[in-house]
Amino acid sequence: MKYLLYISLAFFATVSLVGCKDDEEEVLENPGTFSIYFENQVDGAPMVLDTAGNTNYRYTAANGQRFNFSLFGFYVSEIKLEGPDGATFVDPMNVSADAASVKGYYQVLQSNPSSSTINLANVPAGKYNKLTFTIGINEDGVEEGAAGGVLDPANGAWFWNWNSGYINFAMEGTAENSPQPYVDYGGGFVSYEKTYNIHVGGWKNLPADSTGTQNFVNNVKTITIDLQTDVTVKEGSSPMAHITVDPMKLINESGLDFSTTYQVHTPGKGQPFANKLSSVFTLDHVHE
Amino acid sequence: MAGMILLLGSCAKNEPLESKANPYKFVVPSNFPQPTYTFENNPITEDGFKLGRKLFYDGILSIDGSVSCNSCHQQALAFADSRQHPLSRGVGDRIGIRNAPSLTNLAFMPDFFWDGGVNHLDFVPLNAIESEVEMDETLENVLAKLNANSTYRGLFKQAFGIDSITSPYLLHALSQFTAMMVSANSKYDKYVRNEGQTLTEAEMQGLQTFKSKCSSCHSGELFSDFSFKNNGLDTASDLGRGRITEQISDYYKFRVPSLRNVARTAPYIHNAGFWTLEEVLDHYASGIVHSSTLDPSLQNGIQLTQQEKDNIISFLNTLSDYEFVDDERFFNPD
Numbered sequence: 348m349k350y351l352l353y354i355s356l357a358f359f360a361t362v363s364l365v366g367c368k369d370d371e372e373e374v375l376e377n378p379g380t381f382s383i384y385f386e387n388q389v390d391g392a393p394m395v396l397d398t399a400g401n402t403n404y405r406y407t408a409a410n411g412q413r414f415n416f417s418l419f420g421f422y423v424s425e426i427k428l429e430g431p432d433g434a435t436f437v438d439p440m441n442v443s444a445d446a447a448s449v450k451g452y453y454q455v456l457q458s459n460p461s462s463s464t465i466n467l468a469n470v471p472a473g474k475y476n477k478l479t480f481t482i483g484i485n486e487d488g489v490e491e492g493a494a495g496g497v498l499d500p501a502n503g504a505w506f507w508n509w510n511s512g513y514i515n516f517a518m519e520g521t522a523e524n525s526p527q528p529y530v531d532y533g534g535g536f537v538s539y540e541k542t543y544n545i546h547v548g549g550w551k552n553l554p555a556d557s558t559g560t561q562n563f564v565n566n567v568k569t570i571t572i573d574l575q576t577d578v579t580v581k582e583g584s585s586p587m588a589h590i591t592v593d594p595m596k597l598i599n600e601s602g603l604d605f606s607t608t609y610q611v612h613t614p615g616k617g618q619p620f621a622n623k624l625s626s627v628f629t630l631d632h633v634h635e
Numbered sequence: 003m004a005g006m007i008l009l010l011g012s013c014a015k016n017e018p019l020e021s022k023a024n025p026y027k028f029v030v031p032s033n034f035p036q037p038t039y040t041f042e043n044n045p046i047t048e049d050g051f052k053l054g055r056k057l058f059y060d061g062i063l064s065i066d067g068s069v070s071c072n073s074c075h076q077q078a079l080a081f082a083d084s085r086q087h088p089l090s091r092g093v094g095d096r097i098g099i100r101n102a103p104s105l106t107n108l109a110f111m112p113d114f115f116w117d118g119g120v121n122h123l124d125f126v127p128l129n130a131i132e133s134e135v136e137m138d139e140t141l142e143n144v145l146a147k148l149n150a151n152s153t154y155r156g157l158f159k160q161a162f163g164i165d166s167i168t169s170p171y172l173l174h175a176l177s178q179f180t181a182m183m184v185s186a187n188s189k190y191d192k193y194v195r196n197e198g199q200t201l202t203e204a205e206m207q208g209l210q211t212f213k214s215k216c217s218s219c220h221s222g223e224l225f226s227d228f229s230f231k232n233n234g235l236d237t238a239s240d241l242g243r244g245r246i247t248e249q250i251s252d253y254y255k256f257r258v259p260s261l262r263n264v265a266r267t268a269p270y271i272h273n274a275g276f277w278t279l280e281e282v283l284d285h286y287a288s289g290i291v292h293s294s295t296l297d298p299s300l301q302n303g304i305q306l307t308q309q310e311k312d313n314i315i316s317f318l319n320t321l322s323d324y325e326f327v328d329d330e331r332f333f334n335p336d
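If you're matching them up, the sequences are chains D and G in order.
Heads up: the first sequence begins at 348 in the working numbering, then just goes up one per residue.
Heads up: the second sequence begins at 3 in the working numbering, then just goes up one per residue.
Misleading hints may appear alongside valid ones.
Claimed, not checked - Derived Cβ-Cβ restraints for the label pairs, each shown as a range:
| # | chain 1 | residue 1 | chain 2 | residue 2 | range |
| --- | --- | --- | --- | --- | --- |
| 1 | G | Pro25 | D | Thr607 | 52 to 60 Å |
| 2 | G | Pro335 | D | Asn441 | 31 to 39 Å |
| 3 | G | Ser68 | D | His589 | 35 to 43 Å |
| 4 | D | Thr607 | G | Asp312 | 50 to 58 Å |
| 5 | G | Gln301 | D | Gly615 | 26 to 34 Å |
| 6 | D | His589 | G | Glu48 | 47 to 55 Å |
| 7 | D | Ser461 | G | Ala23 | 46 to 54 Å |
Worth flagging that the hints you see were computed from the coordinates, not collected in a lab.
On a predicted model such as this, the values are computed, not experimentally measured, just so you know.
C-beta: ideal position from N, C-alpha, C; glycine also.
Please model the complete structure; the sequences and the hints are all you need to start from.
Written out as structure tokens, the structure reads:
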């Protein structure tokens with residue numbers, strides 16, 4: 348067997364050497380890395396989290412309502428880089444029960460600084476000027492069944508049992524105008540007074556029924572970022588796209604009134620937020 | 003090269019063993035559609051199936067150990083609930099809002115529960131485990147209990163090669179057990195597959211009437227088109243499919259259930275509103291309550307003579323699969 352392996356290796360080595368001679372020089376370059384850094388901000392300043400139920404209202408929305416954040420985060424998946432000369436990188440995706448085999452799904456949490464940076468490896472050398480990614484987990488991630496890692500509900504994944512699927516984007520905190528009373532659900536589960544929980548989920552994109560009604564709201568959104576420059580990816584350099592994520596834009600553009608909208612837990616109720624998500628993600632700059 | 007040939011040779015030698023009837027191999031009955039379950043992500047093995055079975059019968063999934071899957075899904079009733087529990091009964095005798103359905107042929111279904119809110123068999127047990135009127139437990143705590151149990155740690159290691167039990171493997175084990183619950187050996191199946199079984203005259207006439215008056219919804223060999231319909235019940239408390247889709251046009255609609263083993267799965271309808279098949283047929287014949295989402299096919303009810311009702315019930319009894327309810331593979335191992 349070993350002998351056979353050596354023969355194969357020698358054969359492939361010869362073929363690839365021959366192939367290289369005919370190819371353009373660019374193809375010879377080794378792949379590099381590309382990182383995406385999500386910086387969560389509120390009105391242009393780094394986001395500060397407060398503990399759940401804390402009534403220190405450090406932020407004020409355009410409508411004058413005061414609030415804070417105790418949780419903020421989102422899923423990122425389907426990352427793709429494209430360049431002006433045809434260079435393309437598609438982040439490999441995989442759903443598996445084995446946490447180590449789950450690929451291409453990321454949960455960015457304000458409470459976990461290390462989750463803010465996504466490091467893409469094996470990006471083909473070349474120039475890139477466009478970044479796209481999905482906020483949320485679409486049907487490819489849900490239809491495969493139970494999964495591990497950031498998709499494991501017992502490991503912090505945001506999962507809806509009753510209308511199965513993942514929460515794409517979530518923000519929680521306390522708001523002066525929220526009518527939420529204190530509720531003790533038992534087992535350590537508590538809703539504090541004046542809290543809000545905005546969970547934007549919904550992925551089902553099923554065909555319309557016989558009456559033509561499209562029965563599900565799909566809140567999984569694709570974000571496209573113009574990198575505003577041609578970023579060179581090559582071995583040894585580590586370019587990074589610094590993306591700012593400002594939910595104040597979402598709150599203001601969706602006209603969120605905490606006195607009426609303070610518990611959002613269905614795709615339909617989440618739709619007004621999902622529809623404004625693209626304005627939340629903007630390019631700050633690119634480090635070469 | 004010699005090693006290669008030897009290896010191939012040993013594979014070939016093993017083949018007869020592989021093809022020998024393996025009771026833990028998923029087999030699609032010849033009269034059934036193709037399965038929907040993602041077996042490629044979770045291939046059934048004897049160890050995985052038996053682990054799922056042990057979990058199915060174990061109260062460890064519930065907060066106080068008092069409720070197992072089997073509490074509401076009993077094999078003698080094709081894994082439906084009994085008339086003693088018309089609505090599901092959880093920990094502390096808490097009562098649910100719907101009748102626990104029969105668990106058969108789940109590997110062929112497009113989605114789950116009376117409202118179809120769950121898209122994949124793996125995600126079904128999460129609802130029972132975490133519902134406060136069912137097991138009232140958290141997934142995290144179930145895993146903590148399983149990881150603290152050396153027997154379960156050993157069984158998960160054996161089935162999946164893992165040292166620490168995580169939720170996808172728990173759910174995969176349960177799916178291996180429930181996906182195998184294929185009921186396809188009723189009198190009707192043996193008749194329709196030409197296996198030498200005949201139907202009586204009443205059963206045949208019932209089948210004909212069923213085909214002309216019931217099969218627009220209860221279609222195919224699973225006896226459901228898996229759509230959601232408002233079938234004219236006088237209930238306004240449970241939105242059914244409307245809770246999932248958030249569309250007023252779906253209010254009070256519920257899954258058209260499969261009718262396999264229906265003679266064993268009383269009471270009937272999502273709210274357990276009917277005790278017998280006679281009552282169900284009487285409802286369709288003369289009890290339809292009109293509302294804006296009532297299914298168009300039921301506007302005038304389904305006209306049935308007493309003879310037709312009797313014959314339909316004779317036919318429905320041919321859907322009882324006694325081999326399935328007696329299948330030792332599904333027995334409680336402990």
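Verification of the hints:
Between proline 25 (chain G) and threonine 607 (chain D), the C-beta spacing of about 58 Å keeps the proposed range 52 to 60 Å intact. The beta-carbon spacing between proline 335 (chain G) and asparagine 441 (chain D), approximately 34 Å, falls within the hinted interval of 31 to 39 Å. Our hint of 35 to 43 Å for serine 68 (chain G) and histidine 589 (chain D) is violated, since their Cβ atoms are close to 53 Å apart. In this structure, threonine 607 (chain D) and aspartate 312 (chain G) meet the distance hint of 50 to 58 Å, their C-beta atoms being roughly 56 Å apart.
Range check, glutamine 301 (chain G) to glycine 615 (chain D): Cβ separation about 29 Å, and the 26 to 34 Å hint holds. Histidine 589 (chain D) and glutamate 48 (chain G) have their C-beta atoms about 52 Å apart, which keeps the hinted 47 to 55 Å range intact. Checked against the given bound of 46 to 54 Å, the beta carbons of serine 461 (chain D) and alanine 23 (chain G), roughly 52 Å apart, stay inside it.
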